[in-house]
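Chains B and P supply the protein sequences, listed in that same order. Numbering that gives the first Met the number 0 numbers the first residue of the first sequence as 0 and each following residue consecutively. Numbering that gives the first Met the number 0 numbers the first residue of the second sequence as 0 and each following residue consecutively.
Be aware that one or more of the hints could be misleading.
[What the hints assert, rightly or not] Simulated pairs of lysine-lysine, DSS-like, Cα-Cα distance not exceeding 25 Å: (1) P/Lys160 x B/Lys34; (2) P/Lys160 x P/Lys39; (3) B/Lys75 x B/Lys1; (4) B/Lys33 x B/Lys81; (5) P/Lys96 x B/Lys33; (6) B/Lys34 x B/Lys63; (7) B/Lys63 x P/Lys96; (8) B/Lys81 x B/Lys63.
Derived by calculation from the structure, the hints in this document are not laboratory data.
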Amino acid sequence: MKHLLSIDDLSTDEILQLFETAADMHDVQSREVKKLPALRGRTVVNMFFEDSTRTRSSFEIAGKWLSADVINVSAKGSSTSKGESLRDTVLTVCAMGVDGLVIRHPASGAAVQVSEWVDAAVVNAGDGMHEHPTQALLDAYTLQRHLGSLEGRHVAIIGDLTHSRVFRSNVQCLTRLGARVTVVAPPTLMPSGIGAWSASAGFETSYDIDAVLPDADAVMMLRVQRERMSGAFFPSPREYTVGYGLTRSRLGLLKPDVPICHPGPMNRGLEIAADAADAAQSVVLEQVSSGLAIRMAVLYHLLAGDTRGGIA
Amino acid sequence: MPAPDDTVPDTERTERTVLDARDISRALTRISHELLERNKGATDLVLLGLHTRGVPLARRIAERIAAVEGTPVAVGELDVTMYRDDLRSQPTRRAHKTSLPPGGIDEKVVVLVDDVLFSGRTIRAALDALADLGRPGAVRLAVLVDRGHRELPIRADHVGKNLPSALAERVSVRLAEVDGTDEVTIS
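Just chain P, same shape as in the assembly:
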């Protein structure tokens, strides 16, 4: 990620909620329908959540698609720690589990799911990781929030909310599965 400007002390930041639980739910429902429309159904769809908060988001989208289509959709999780370009500049990060659905990703339409799209570097790493895991028929990107400030030529196919932000601002996504509550804030 581009370094958010941490020169602003936490005490001087005021936190503002930009999406509440119902907004998040509506955004995920819309993304689910967009995915189905674009893909003409759930056939060959594989949702891969990026650690940490992309994983529950992918599961939630899968539940919605299953509810609409009546058939389960394949979900997996992808960890990109080993593929990051900033591995060298930080203390060693702990890696997480990568698990693919039983059918694999070959020739499937893989949808990468993440919470915030920022510099695009995480997605770059995810594309490299995918190449080592198989050869998808197509790769799409769905994110809950796009806050801008891309550093690479990467864009999302499905966005829950476009959130123009200053580089110094901090966007936080909290999800019930990880943080106990559903909200997106900017501070």
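Isolated chain B (complex conformation):
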């Protein structure tokens, strides 16, 4: 693999290889010297045209722990705010001899577009409402650590599907690993045309959270993305919580010890109650440490070897 733009770029074997590498990388977090020399001399640029805490810092730490030189460019404070085009910004940065480009952009398809302009390996860290492959990998990796194999396990993805790149990447990744996926959203936040997609990709859709929760082996709550909402998708936050939030009473519907995921940042009290977010079965913080391991694995596979080849 030359870039990581979509889950679709990865074969199932490559996904499992990344998980194995991530498991090795996981141990580094508990070491006294958190450093591996694999990417010494490589340069990675994080270009974030959208706000982010965990994704950006985890890519930054992942690169640094692998001994790469990492710099961050964000839209605010860069020439973008002076009106420079994305192409010019990217080409300028790449002219400095960059090996890896981690990009987040509000426009769907931005990462694919960028990968056509540059020689560097491009990692999609979220493009609009399209994909967020490393998030899907870390979610599946976290669930696999809890559930063993995902084959035949039932994962419920609940929330704002329309605006969610996390959901789009996750459905592909989870079904590829053999999981049964049910996605749940209010009708206004169910993407149009999802019927045809779910039929061909083999996942189910539902409007009824209370019917889905009792059968789930894992629950993934999605953030209500106010920054992408221009219309009125639900009457009031309170009404959303009543209809689709993981509330304290809904926790009782779950089978015991079902892991609860959330990609963050959480809107506590809106899509997820504090009781659920802080429950013993919540794996939200574990997702963060898994994310670091997965991003180390991705950077390692893209940048460590002879970059003209694949994974040996």
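Mind docking chain P on chain B? Use the hints.
Quick look at chain P alone, frame taken from chain B:
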């Protein structure tokens, strides 16, 4: 590793067994006794097997030491993939697990265990990896086969068999845990 001369087609190679299962067993028993003698017992000894075939070898040596001394000896595994100097020149290699015994390696006598000592580059990488994991009191090297052709100033403390070889020859170690059989061949 120095590139073994692969210009010789496989069909023209004749394979000759240099160590059979019993030879390997005797060599490991001798190495175990040498280690104990040199260390004056098993105290503070940590055996670290290098992936892939050093790991079962380290376990076998540990079993022998435990049988002689009556106390278990710490064993771990070390992966040096990230520390290799040829990482850049090949497609990405898969890394393996590094696991240290619970007591760590600080101030311990660490014995690196590998199947074949050749260029010495793997051991160079292992020494770098150790430095990131702690500060051993001493580091020793035990190998089943030393085939020569060093490219770095590195030597083994304990050798199962010195096997003078031509650069073009290929030395293969097979172990029951990995390959289903115990033997060392040269071809």
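Okay, the hints, checked on the actual structure:
1. Straight-line distance between C-alpha atoms of P/Lys160 and B/Lys34 comes to about 36 Å, which puts the hinted pair past the 25 Å bound.
2. The hinted pair formed by P/Lys160 and P/Lys39 meets the criterion: a straight-line CA distance of about 23 Å does not exceed 25 Å.
3. Proximity of B/Lys75 to B/Lys1 is assessed by CA-CA distance (about 29 Å); at most 25 Å being required, the pair is judged violated.
4. For the proposed pair B/Lys33 and B/Lys81, the alpha carbon gap of about 38 Å is over 25 Å, so the pair is violated.
5. For a cut-off of 25 Å, the pair hint linking P/Lys96 to B/Lys33 stands: about 15 Å separates their Cα positions.
6. Taken as a hint, the B/Lys34 and B/Lys63 pair is honoured in the structure, with Cα atoms around 8 Å apart against an allowance of 25 Å.
7. About 20 Å separates the Cα atoms of B/Lys63 and P/Lys96, which keeps this hinted pair within 25 Å; it holds.
8. Note on B/Lys81 and B/Lys63: the hinted pairing is violated, with a Cα-Cα distance of about 30 Å set against a maximum of 25 Å.
Comparing the model with each numbered hint stated earlier shows that hints 1, 3, 4, 8 do not hold.
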